[in-house]
Amino acid sequence: MIKMKYQLKLPKKTDYPNSLKVLDHPNKSAEYQQVIEASASAYFETKGPTRWLFRKRLETVLSYIAKVGKVDKLLDADTGIGFFLPSLSETANQVVAIDNTNFSLHYAQFMVKKRKIDNVLFKKIKLENLDFKDQQFGVIVCLNVLEHIPPQNLNQVMAGFFKILKPGGYLIAGYPNEGSWIFDFLKNFERQLLRRHIYQALKDTGRKKFHTLGHVATATQINQAIDKKFSKVALRDLPFKLITLYRLGLYQKQGRMN
1 MIKMKYQLKL
11 PKKTDYPNSL
21 KVLDHPNKSA
31 EYQQVIEASA
41 SAYFETKGPT
51 RWLFRKRLET
61 VLSYIAKVGK
71 VDKLLDADTG
81 IGFFLPSLSE
91 TANQVVAIDN
101 TNFSLHYAQF
111 MVKKRKIDNV
121 LFKKIKLENL
131 DFKDQQFGVI
141 VCLNVLEHIP
151 PQNLNQVMAG
161 FFKILKPGGY
171 LIAGYPNEGS
181 WIFDFLKNFE
191 RQLLRRHIYQ
201 ALKDTGRKKF
211 HTLGHVATAT
221 QINQAIDKKF
231 SKVALRDLPF
241 KLITLYRLGL
251 YQKQGRMN
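The numbers in the numbering used here rise by one with no breaks, and the one at position 170 of the sequence shown is 170.
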């Protein structure tokens, strides 16, 4: 195993359609809500601790991939607007980025073309219905997605990941510590004080045009589903163990990777 090091490379607002000016007008806009749902605001509209945490989890993912080494094919499971793709594109010969919405894929494809990244393929698909050939990916990255999956579907998603990963391949999963009292307390604090304008906008009439997914699975339910299929290699609690807001794990499918 060759240990490598990857640097975090993030897109700019100007890499997206209309320079993401939709974020400047959070009023009755279905488009605004879809950008929010794709987690774009987590970096562009926050400062201080929230932005630090956003960057830290991406840096942690890159440190996990560095332990694995460069792979032939990597799956970015639910890419959103492709915020992580400039970094992920350097960790594999080919990246396949999937999402379930045309809106997110349009933004991601626009950004990748603008930045002249040529090793990313896009596909619209739901995580519950993966139709890739068996054992073709060396790494699957799945961030900020599993909490949106109904708990009864988590085992199905993990079975799909297991099927398309090569023997010895890796799953990198990141998700909020949903269900813990500290997470619920701080989430409410953030909504009321740090990102009040966002959540106020999500209550307006634009919601009639676009329904946000919301968090429906807890961290415990996600952990249980992953553990049924994969072996834990590493686990990191962010910002630290006593106050865990976000969890990032490196998991392996047993077997020898070709």
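Treat the hints loosely; a few may be bogus.
Calculated cross-link-like contacts (lysine to aspartate or glutamate; reagent style EDC-like; alpha-carbon spacing at most 20 Å) [unchecked claim]:
| no. | residue 1 | residue 2 |
| --- | --- | --- |
| 1 | K5 | E90 |
| 2 | K12 | D72 |
| 3 | K228 | E90 |
| 4 | K163 | D131 |
| 5 | K228 | D134 |
| 6 | K229 | D118 |
| 7 | K56 | D237 |
| 8 | K5 | D72 |
| 9 | K114 | D227 |
| 10 | K56 | D24 |
| 11 | K163 | D118 |
| 12 | K232 | E147 |
| 13 | K13 | D24 |
| 14 | K166 | E59 |
| 15 | K126 | E147 |
| 16 | K229 | D131 |
| 17 | K123 | D134 |
| 18 | K70 | D118 |
| 19 | K47 | D24 |
These are calculated hints, taken from the structure and not from any lab test.
On a predicted model such as this, the values are computed, not experimentally measured, just so you know.
Taking the hints in turn, this is what the structure says about them:
1. K5 to E90: holds, 10 Å
2. K12 to D72: violated, 27 Å
3. K228 to E90: Violated, because 31 Å separates the two Cα atoms, which is more than 20 Å.
4. K163 to D131: Judged against 20 Å, a Cα distance of about 10 Å means the pair holds.
5. K228 to D134: holds, 19 Å
6. K229 to D118: violated, 33 Å
7. K56 to D237: With Cα atoms ~11 Å apart, K56 and D237 stay inside 20 Å; holds.
8. K5 to D72: holds, 17 Å
9. K114 to D227: violated, 39 Å
10. K56 to D24: violated, 25 Å
11. K163 to D118: Given that 20 Å is the threshold and the Cα spacing comes to 27 Å, the pair is violated.
12. K232 to E147: holds, 19 Å
13. K13 to D24: holds, 11 Å
14. K166 to E59: With Cα atoms ~24 Å apart, K166 and E59 exceed 20 Å; violated.
15. K126 to E147: holds, 14 Å
16. K229 to D131: holds, 19 Å
17. K123 to D134: Judged against 20 Å, a Cα distance of about 17 Å means the pair holds.
18. K70 to D118: holds, 17 Å
19. K47 to D24: holds, 16 Å
Violated hints, in rising order: 2, 3, 6, 9, 10, 11, 14; the structure is consistent with all others.
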